[in-house]
Amino acid sequence: MENYKKTKIVEKPCLHPFTNLPPDIIEMKVKDGSKIRNLMGYAISKMELDSVRQILFTGSGKAVSKTITCVEIMKRRLKELHQITKVLFRQIEEIWEPIVPEAGLDTLTVKRNIPAICVLLSKDALNPQEPGYQAPGSFDAFCIETLAAESQGQVKRKHGGGRGAGSTGKHPHFTGGAPREPCAKS
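In the working numbering, each residue carries its 1-based index in the sequence shown increased by 412.
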């Protein structure tokens with residue numbers, strides 16, 4: 413690919429995995445370069461209004477983790493939000509053209525499937541039978557159960573195996589000190 417340069421990226425339109433959404437739903441399209449502070453300022457101000465009942469967060473590629481972060485911040489700030497998460501793939505086409513057109517190389521079209529996520533947050537109850545549904549506070553309940561189990565000593569933690577003090581690792585002759593003298597050439 414050193415003889416080519418990427419000239420164009422075309423995103424194929426992707427249908428939303430959610431049906432029956434109101435036409436005026438607020439959709440937060442999270443991009444890789446989006447600032448979380450800006451996204452959350454707008455999204456929270458809209459969701460605090462009584463007239464807004466749902467919000468949709470979407471992101472693809474490198475923005476998937478940022479999308480999840482935004483959703484988790486929203487759920488912490490506004491309690492009692494129902495959530496449905498859908499994971500899918502988006503198809504993009506990259507057009508690569510030869511750097512030197514006289515070299516006789518053809519233009520290349522590369523089709524790639526990139527991961528995408530759509531998360532619907534709602535103040536109103538959603539269908540709990542829907543795949544990807546998360547009830548309000550379900551994560552908090554999990555944390556409380558885990559902490560209670562840890563405090564009672566039910567959760568066993570793994571000890572050792574690291575390369576901490578006293579460990580020699582794979583090579584018992586290595587002490588972790590100063591580097592050894594190089595071997596003499598014969």
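Treat each hint with caution, since some may be false.
Okay, derived cross-link-like pairs now, DSS-like style, lysine-lysine, Cα gap no bigger than 27 Å in a straight line [what the hints assert, rightly or not]: (1) K458 to K418; (2) K498 to K418; (3) K441 to K487; (4) K447 to K535; (5) K491 to K458; (6) K491 to K523; (7) K523 to K535.
Treat the hints as calculated values from the structure; they're not laboratory data.
Note that this is a predicted model, so its numbers are computed, not measured.
Now for the hints, and whether the structure bears them out:
Restraint check: the Cα-Cα separation between K458 and K418 comes to about 38 Å, which exceeds 27 Å; the hinted pair is violated. Proposed proximity of K498 and K418 is contradicted: the alpha carbons are some 31 Å apart, above 27 Å. Annotation: proposed proximity of K441 to K487 holds, straight-line Cα distance about 17 Å (limit 27 Å). The hinted pair formed by K447 and K535 meets the criterion: a straight-line CA distance of about 25 Å does not exceed 27 Å.
Between the alpha carbons of K491 and K458 the distance comes to roughly 15 Å, so the proposed pair stays at or under 27 Å and holds. In summary, the hint linking K491 to K523 is not supported, as the alpha carbons are separated by about 41 Å, beyond the 27 Å threshold. Among the hinted pairs, K523 with K535 is inconsistent with the structure: their alpha-carbon atoms are about 38 Å apart, more than 27 Å.
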